[in-house]
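Using the hints, position chain Y against chain P.
Chains P and Y supply the protein sequences, listed in that same order.
Under the working numbering, the first residue of the first sequence is numbered 12, with each subsequent residue one higher.
Under the working numbering, the first residue of the second sequence is numbered 12, with each subsequent residue one higher.
I should point out that these hints are in silico values taken from the structure, not numbers from a laboratory.
Hints are not guaranteed to be accurate.
No distinction is drawn between identical chains; accordingly, a pair holds when it is met within one copy or between any pair of copies.
Stated by the list, open to error - Keeping only pairs whose Cα atoms sit at most 20 Å apart, straight-line, the calculated SDA-like set for lysine to any residue is:
#, residue 1, residue 2
1, 165, 36
2, 215, 82
3, 66, 348
4, 66, 28
5, 66, 111
6, 165, 31
7, 165, 32
2 protein chains.
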Amino acid sequence: MTVVPHAVTEGREMVEAAMRAAVERLDPRMRRVAAYHFGWVEADGSAPAGPTGGKALRPAMALLSGRAAGVDPARVVPAAVAVEFVHAFSLLHDDVMDDDRMRRHRPAAWTVFGVPAAILAGDALLALAEEVLLDRGTAGAHRAARCIASTTRKLIAGQALDLGFESRSDVSLDECTVMSMDKTAALFACSCAIGAVLAEAPNKLALALSGFGEDLGLAFQLVDDLLGIWGRPEVTGKPVLNDLRSRKKSLPVTAALGAGTPASARLAGLYAQTEPLSEDQLVEAAALIEEAGGRAWAERAADVRVDSAAARLDAAGVPADVRAEFLAIAHFVTTRDY
Amino acid sequence: MTVVPHAVTEGREMVEAAMRAAVERLDPRMRRVAAYHFGWVEADGSAPAGPTGGKALRPAMALLSGRAAGVDPARVVPAAVAVEFVHAFSLLHDDVMDDDRMRRHRPAAWTVFGVPAAILAGDALLALAEEVLLDRGTAGAHRAARCIASTTRKLIAGQALDLGFESRSDVSLDECTVMSMDKTAALFACSCAIGAVLAEAPNKLALALSGFGEDLGLAFQLVDDLLGIWGRPEVTGKPVLNDLRSRKKSLPVTAALGAGTPASARLAGLYAQTEPLSEDQLVEAAALIEEAGGRAWAERAADVRVDSAAARLDAAGVPADVRAEFLAIAHFVTTRDY
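Next comes chain P alone, as it looks inside the complex (with noise of 0.2 Å):
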């Protein structure tokens, strides 16, 4: 496995006990499916056995950004833990619409809970993010606020963008770009900026921490497709080949059919089959994506924009020590097998 950023586990402890405080506000049901999710509980209330829960990028990114304008971690949690609810939100409603049923190596919160409870409880983690933000009365509480609450319009936008994907053959590389920025890299440039803003650092750094966020968030979603179907589910925590299976249009996949290739011709014949794809179909798909070129393509967009969001980070003038923070987490991103 790939090692886990120091700056990702640093403050963990933090925004953990932030987040838990804040989830108490909710009711006991929500409350249960929330503690499920983040991976605290177990479906029947108990401690779970192993490590669970996510790879808690975001609020670790959110805390860099307040270093990066100067301020002490602490004085943001609050920009940490909105930024986790709002992912906690999205992919609690997402599993449901995409009828995904495995989540971090555990059933997905909609499986143990049912689909009202799912939809329910990333309602209320969505409400929570805005109001631990709004609890603090100052000008770069209501910023960050309404950071949230745009970042939330776009990521709906992409996964909307994403489902009309799934009906369509003639999904362009440019479409899918912009889906993947909405859909992941508007909510890492967010969490990569939204520290600051609480901070009331300059707009100048915040928006170019934005930017970071949004190169390193394109990366994030290009290697996340290539997980989807070359990683290793006992890694990953999700099925083998999956993305292909429900014939998601991801960027490789995108990138891959719009080759011109003989391999795209036959990989636009399999995404058009009617029925189910078979096992071997599955892998043949992989092969073919990868024949087409777009895993290659892939991972050449994904290091092209950890370059830009580097360049980024020089151009506002980070502190060394928070940049190096920040480039340890794009290096994880790209180098990540799960």
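Using the frame of chain P, we list chain Y on its own:
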């Protein structure tokens, strides 16, 4: 049909224009679902032939609440938009969770656009409610946005409790009242105070208006529950005896079940039946609720709440013309037939 109060129609165009402008920010897919839900278009995008949309009580109350604080309704339009968006969010999601197929005389959005689109459109409107308020950088906007977030949390707690009732036969009238307070009265309370909050009126006024809204909201829910059993489907826009069909533990039902009469016991027997209730049994259940005193209790409880609401307005020293309009809405709420 009951006559709609002047305050409800007065600011309607202004609020609708602002709602339409805000919905323009959404992804085209979400925009379509929202426009359909609000009754601006039919499912195919064409103009509606007849009147559509909801009663728009909440935005009317939000504008009145601004007037109570001495400011022009035009200045608190974002507050009116926000409460109507939160209401729409909750309806879009509740219809999915409750498997309700009709809304305002038309097929519910999820039956037209699918469950994922309805979930996402609800999400989008919740985020947009916050965004329209936070567009304004004032302390009043900050507090109004916080009010929206905490109200949404309560609304979700109420819906979670309500869903939990479905699998229980021992729901007390107290629990049912708490549920209705959260699910309905909280957003009424917020709607009646948010204009004053946005206008930065003294806290005392906002609290009194919130109290008025809470009482009125509970009265609204009591009447809604009565209409859910004895309402005329051609007027309410919902299928006849719908709440009994899904064996909702609404307030009059809970009161009847807890009344300890022979009719209560027979009603409990029907509610405990595993097979769907036949049309004859639905009619019988309605008669039993009446016989056990559930109908009379709910009618009386609604009147008591409206009297209490009026007393709160008096104590708050709300201007006479605004008071009259608030009371006209209260009268409408208890005498309406839809």
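Evaluated hints:
For the identical chains of this complex, residue 165 and residue 36 are inter-copy neighbours only, at 10 Å across copies versus 27 Å inside a copy, given an alpha-carbon limit of 20 Å. For the identical chains of this complex, residue 215 and residue 82 are intra-copy neighbours only, at 16 Å inside a copy versus 37 Å across copies, given an alpha-carbon limit of 20 Å. For the homomeric pair residue 66 and residue 348, the shortest alpha-carbon distance inside one copy (12 Å) is at most 20 Å, but the shortest distance between copies (53 Å) is not. Taking identical chains as interchangeable, the C-alpha atoms of residue 66 and residue 28 lie at most 20 Å apart only when both belong to the same chain, with a minimum of 16 Å there against 43 Å between chains.
In this assembly of identical chains, the alpha carbons of residue 66 and residue 111 lie at most 20 Å apart only when taken from the same copy (19 Å versus 38 Å across copies). In the homo-oligomer, the alpha carbons of residue 165 and residue 31 lie at most 20 Å apart only across protomers (18 Å), although the nearest pairing inside one protomer, at 27 Å, exceeds that limit. Taking the shortest Cα distances, residue 165 and residue 32 sit within 20 Å of each other only across copies (17 Å), while inside one copy they are farther apart (28 Å).
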